[in-house]
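S.K.: The primary structure of each chain is shown beneath.
There are 4 protein chains.
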Amino acid sequence: MPRIAYFGPSGTFTEMALAKLESLEAFEGPVERVPAPSQGAAIDLVRAGQVEGAVVPIESSVEGSIAPTLDALALGPRLQIFAETDLDVAFTILGRPGVALEQVRRIAAYPVAAAQVRLWLAAHLPQAELYTSASNAAAAEDVAAGHADAAVSTSLAGQRLGLTTLADGVADVDQAVTRFVLVAAPRPAPARTGSDRTSIVLELANEPGSLMRAFAEFATRGIDLTRIESRPTRTGMGTYRFYLDCVGHIDDTAVAEALKALHRTAARIRFLGSWPATAATGTPPPPDAPAAAWLADLKKGVADL
Amino acid sequence: MPRIAYFGPSGTFTEMALAKLESLEAFEGPVERVPAPSQGAAIDLVRAGQVEGAVVPIESSVEGSIAPTLDALALGPRLQIFAETDLDVAFTILGRPGVALEQVRRIAAYPVAAAQVRLWLAAHLPQAELYTSASNAAAAEDVAAGHADAAVSTSLAGQRLGLTTLADGVADVDQAVTRFVLVAAPRPAPARTGSDRTSIVLELANEPGSLMRAFAEFATRGIDLTRIESRPTRTGMGTYRFYLDCVGHIDDTAVAEALKALHRTAARIRFLGSWPATAATGTPPPPDAPAAAWLADLKKGVADL
Amino acid sequence: MPRIAYFGPSGTFTEMALAKLESLEAFEGPVERVPAPSQGAAIDLVRAGQVEGAVVPIESSVEGSIAPTLDALALGPRLQIFAETDLDVAFTILGRPGVALEQVRRIAAYPVAAAQVRLWLAAHLPQAELYTSASNAAAAEDVAAGHADAAVSTSLAGQRLGLTTLADGVADVDQAVTRFVLVAAPRPAPARTGSDRTSIVLELANEPGSLMRAFAEFATRGIDLTRIESRPTRTGMGTYRFYLDCVGHIDDTAVAEALKALHRTAARIRFLGSWPATAATGTPPPPDAPAAAWLADLKKGVADL
Amino acid sequence: MPRIAYFGPSGTFTEMALAKLESLEAFEGPVERVPAPSQGAAIDLVRAGQVEGAVVPIESSVEGSIAPTLDALALGPRLQIFAETDLDVAFTILGRPGVALEQVRRIAAYPVAAAQVRLWLAAHLPQAELYTSASNAAAAEDVAAGHADAAVSTSLAGQRLGLTTLADGVADVDQAVTRFVLVAAPRPAPARTGSDRTSIVLELANEPGSLMRAFAEFATRGIDLTRIESRPTRTGMGTYRFYLDCVGHIDDTAVAEALKALHRTAARIRFLGSWPATAATGTPPPPDAPAAAWLADLKKGVADL
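Residue numbers (this note's numbering), protein chains in the order written: chain Y, 3 to 307; chain U, 3 to 307; chain X, 3 to 307; chain Z, 3 to 307.
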């Protein structure tokens, strides 16, 4: 039974994503869930060989790319992405038993969560003081420990600690979605499905036009870029690493050609995987077969072409 | 005397950046410093007309772009950037008077700061428990209030609260630099200096190649892009807003032509300003004068061209 | 009364084009027609100041660009094109009086004309021997002088020499059209009409991609290239001079910007003029006014943009 | 013994090119030379299966591409180019025995040749009348027949007819070179040598930017275009067919990828062959092996990439 790490403790959004991947049969059979103290720690467990995979968030429709995940994938031994799932992210307001919403004077929240429910708090708990917690789970624990009257947390954390649900589905932005991915040690990518995603990390020569030329490798070949994220390389202001997702699979000829071209011209390229997309996003790359058949005939010297 | 807002309380890195801008004569004479409870609140004070400007961080060589600042500049009434300054960012470890470094059992830190000194803490305070504070300043205040033995904070906060400096210049990454900018209500940009920066926000039609075409508007005209940041528009996974900095000034013909071209083709473009760069980064756009003189002669019908 | 040179003698296709330009009021009032012994000689008369303009063929829908005209425009003192007209080109088979078509044993033709009626001759005069003449007019004169029984020529030449029309509208390719232009010494281009043509000669650095970059100056700005002709520079195999026509006028901002950009980057650029097109071909360049107004407001510091 | 057609009669420049190809061992053993009445007729003999190949001129450093050859290759059943050779082209002035140069009153010339020696004739035979001949060989025959005193022709024609050489190496432009190619029915291209040429014919959708996109297929892949020729399709003014030569061989991966991409996007593409270049011109396409090895390892799931 493969062991899959996740940012715990039990009841986090990440565990919910792991459960969803299990239900989608992303794994071959049941898995053992291994909680880790942080997203980075979950990835480290994979690299240390202590688990066979890790589920980590990679992108939020509200906050954008999850920087620590991107950095962990770009640096250190190469890992690969094998599956993805999207999770609707909304918070549950948990209260100490016996406390009503209007009685809340101090509310615990992880800063990231606090930022995502700022408008809701201003409307419903305008007087409440904000207490900073170390995670969504820790916020619930801070309520249980008496540091706060209520927490911005998850329903699973509430169940675990026996807290009251004061409000559910709380989020300033409707339809906030977070994408989680399964990362593991490199092995051949899952078979091409026709609705796939490929992800790379790119570092480019510090020359005018180098980014445009890199993008041209995709555009010229009719490949649709669906995610473009820049992150500093930390080697000086203005030097970037690019995280690019495109529609297609390494077994699509167009994608393979673009990867090879970037391997030739980029300062550094790292392949992060090809895997089935959860939803059709963008246009698949053009098929290669008719052109390849024509080329093969040309090489044979077939006359009527 | 103009009032300039900053993320307070007194002694933050942002106030240090404001002081540096004052010393660089970015303002016309002395200014009144107005502390605000958050970066966003500082910007809101500008929009409310309660201050004439705000100093906010926009980019870190370690963490990348400061998302809340970018979002605040992209949305709401337009503001413009008029000056910039780069600040070396390193933390000061402040202790309760009488406590030595080896006696620290609990250390208070703002999560962003904790992430930037993780290796240092692991090396020097491997046993210490982490206490989450609401800001770098709040970490110092948490020490003063007895919640922790030491804080990851700034020297100014230590002076203000009478704490002991246990270590200085603490940062996992050497030469971490944060860029701060002065934002204010739109008015004509500062005069072109020949070493300028121009910044825009761009939203593009959801079509393959639209980003490459937008970049081509710069590359074709010999304009050097120095910052490319994507942020989700929050209207769905995979829709982005782009923050682009280029070398040059709106009064450089090449830059003006690129801006006009993007105004014609982009779904949305917002000009965030042209201002003197702190340091020469990249290649200035090509001069227009010789070609313009030739064109003028052509229009006049001069023969020998 | 301006003198306008043309490839004579009287009755050539070029004179017919000159007459058409007169009827279209391309000139200010009546002109004096000055026959010249060749197309190049007509252009030389302009450069020598002996005539005010010359009408020359520049492009054929069958044969492509007229190389001697292109070369004459690319080299020597700069001339400019001020007007154009398209002429349907079909030949008249002229016979010696009293000779029927089936009696023709020897037919005189200028080689260019012979090539354009090859199929017609094979079908109607399969037995006839071809006699080479120096021009379409000379072919008719060769019939008058008894060198041949019939000529591939023009109706005007037939009228002039009193020959019989054996067939009219003869051309292997239907709807063969030749474009003629009026060239004269440089002066300001005719006013922009909204349906204009601009023509340039371009020589490029011998670097991979230089042609693509030159074309990008047009494509990026939404300018439609309607003619692309390459001619050797005669300085070695594989070095070319490019003749480009685009939709638009030097007074269209997009066209002016593209010209300036090419002036900066090309090894050599020569402007051959902007003039009203005979027919709408291609898409006019995008208007500049809305973007220019926006840019002007940005420079003024207008807030709500 | 293969039969190879050429534009005869014996002694033309084309036969000289055929001889040079023989000496370069372009054929497998000796060939039978078959004269044809025109370049087009030589090609027609190949298509009719009456000869195994034809040698035809394709490009002149002075006159540019040889339009009839290009048209013959673009239309009709596909033929392929298998070899090339460059020939220095300079004319011989042949006189009737006993006639000195200063006695020449009438000089016979093929119009194409006359154009290439115009300056020489003006300097050396300013008074001579020009007599139009049907070919360089016919000019010599016209002298032998008494129609003219001298001919602009070739040395071989003079030998054949017993004419006197009045001048040799006559050409207005120094170092005029014509490239001749061997065309034959399609079969596999000659093996890649590393210094090869590939030639195609391209017709494009009538859309703005379509030519630039076609060129981008080469530029993006680092392929050097060495010849770009446009010819009207004869279906209307402003519709072109493009003849492109690039450095490289259909067995170079970059070239194969570009051909496939054009097959997908162009209205029509015809492959005219890959063959050894006479001289290194331009930069060979980038090698594929390192990138292909990397891609293969990625597909296998090799970790350390």
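Quick caveat, the hints were computed from the structure, so don't treat them as lab data.
Just so it is clear, CB atoms sit at the ideal spot from N, CA and C, and this is done for glycine as well.
Be aware that one or more of the hints could be misleading.
Restraint-style ranges between C-beta atoms, simulated for each label pair [unchecked claim]: (1) U:P79 - X:A298: 18 to 24 angstroms; (2) U:P39 - Y:E209: 52 to 58 angstroms; (3) X:D176 - Y:G303: 35 to 41 angstroms; (4) Z:P192 - U:G303: 34 to 40 angstroms; (5) X:G171 - Z:R194: 47 to 53 angstroms; (6) X:A298 - U:G303: 45 to 51 angstroms; (7) Z:G196 - X:A295: 53 to 59 angstroms; (8) Z:W122 - X:L77: 16 to 22 angstroms; (9) U:A117 - X:A298: 42 to 48 angstroms; (10) Z:L26 - Y:K302: 24 to 30 angstroms; (11) Y:T283 - X:G196: 37 to 43 angstroms; (12) Z:E30 - X:A147: 50 to 56 angstroms; (13) Y:G303 - Z:P39: 25 to 31 angstroms.
Result set (DSS-like, lysine-lysine): computed pairs, CA atoms no more than 30 angstroms apart in a straight line [what the hints assert, rightly or not]: (14) X:K302 - U:K22; (15) Z:K22 - Y:K22; (16) U:K22 - X:K301; (17) Y:K22 - Z:K302; (18) X:K22 - U:K22; (19) Z:K302 - Y:K301.
Taking beta-carbon pairs under 10 angstroms as the criterion, some of the chain Z residues facing chain Y (in silico) [unchecked claim]: (20) D73; (21) L77; (22) L81; (23) P188; (24) T255; (25) H265; (26) I271; (27) F273; (28) A305; (29) L307.
S.K.: Are the hints correct? Go through all of them and say.
M.R.: Evaluated hints:
1. Between U:P79 and X:A298 the C-beta distance comes to about 20 angstroms, which sits within the given range of 18 to 24 angstroms.
2. Distance hint for U:P39 and Y:E209: a CB-CB separation of about 43 angstroms, inconsistent with the stated range 52 to 58 angstroms.
3. A beta carbon spacing of about 36 angstroms between X:D176 and Y:G303 agrees with the range 35 to 41 angstroms that was offered as a hint.
4. The given range of 34 to 40 angstroms is broken by Z:P192 and U:G303, whose C-beta atoms sit roughly 55 angstroms from each other.
5. For the hinted restraint 47 to 53 angstroms between X:G171 and Z:R194, the CB-CB distance of approximately 52 angstroms keeps it satisfied.
6. X:A298 and U:G303 have their C-beta atoms about 28 angstroms apart, which leaves the hinted 45 to 51 angstroms range violated.
7. A beta carbon spacing of about 57 angstroms between Z:G196 and X:A295 agrees with the range 53 to 59 angstroms that was offered as a hint.
8. Under the hint 16 to 22 angstroms, the C-beta atoms of Z:W122 and X:L77, about 18 angstroms apart, fit the expected range.
9. Checked against the hint of 42 to 48 angstroms, the pair U:A117 and X:A298 passes, with Cβ atoms roughly 45 angstroms apart.
10. Between Z:L26 and Y:K302, the C-beta spacing of about 26 angstroms keeps the proposed range 24 to 30 angstroms intact.
11. At about 42 angstroms, the CB distance of Y:T283 to X:G196 agrees with the hint of 37 to 43 angstroms.
12. Range check, Z:E30 to X:A147: about 53 angstroms between beta-carbon atoms, so the 50 to 56 angstroms window is met.
13. Here the CB-CB span from Y:G303 to Z:P39 is close to 29 angstroms, well matched to the stated 25 to 31 angstroms.
14. Our distance criterion of 30 angstroms between C-alpha atoms is met by X:K302 and U:K22, whose separation comes to about 28 angstroms.
15. With a C-alpha separation of about 74 angstroms, the suggested pairing of Z:K22 with Y:K22 is violated against the 30 angstroms cut-off.
16. Distance check on the hinted pair: U:K22 and X:K301 sit about 27 angstroms apart at the alpha-carbon level, within 30 angstroms; holds.
17. Distance restraint check for Y:K22 and Z:K302: the Cα-Cα separation of roughly 28 angstroms lies within the 30 angstroms cut-off, and the hinted pair is therefore satisfied.
18. Between X:K22 and U:K22 the CA atoms are separated by roughly 74 angstroms; this puts the pair beyond 30 angstroms, and the hint is violated.
19. A C-alpha spacing of about 28 angstroms is found between Z:K302 and Y:K301, which places the hinted pair at or below 30 angstroms, so the restraint holds.
20. Hint status for Z:D73: violated, given a least beta-carbon distance of 19 angstroms to chain Y, over 10 angstroms.
21. Taking 10 angstroms as the C-beta contact cut-off toward chain Y, the hint placing Z:L77 at the interface is violated, the least distance being around 14 angstroms.
22. For the restraint placing Z:L81 at the interface with chain Y, the shortest Cβ-Cβ distance is roughly 9 angstroms, inside the 10 angstroms limit, so the hint holds.
23. Look at Z:P188: its Cβ gets to within about 5 angstroms of chain Y, closer than 10 angstroms, so that hint holds up.
24. Interface restraint check: Z:T255 against chain Y, minimum CB-CB distance 8 angstroms, threshold 10 angstroms, status holds.
25. Taken as an interface hint, Z:H265 checks out: its beta carbon lies about 4 angstroms from the nearest beta carbon of chain Y, inside 10 angstroms.
26. With a least beta-carbon distance of about 9 angstroms to chain Y, the hint placing Z:I271 at the interface is held under the 10 angstroms criterion.
27. Evaluation of the Z:F273 hint against chain Y yields a held restraint, the C-beta minimum of about 5 angstroms falling below 10 angstroms.
28. Taking 10 angstroms as the C-beta cut-off, the interface hint given for Z:A305 holds, the closest approach to chain Y being about 5 angstroms.
29. A hinted interface residue such as Z:L307 counts as satisfied when its beta carbon comes closer than 10 angstroms to some beta carbon of chain Y; here the least separation is about 6 angstroms, so the hint holds.
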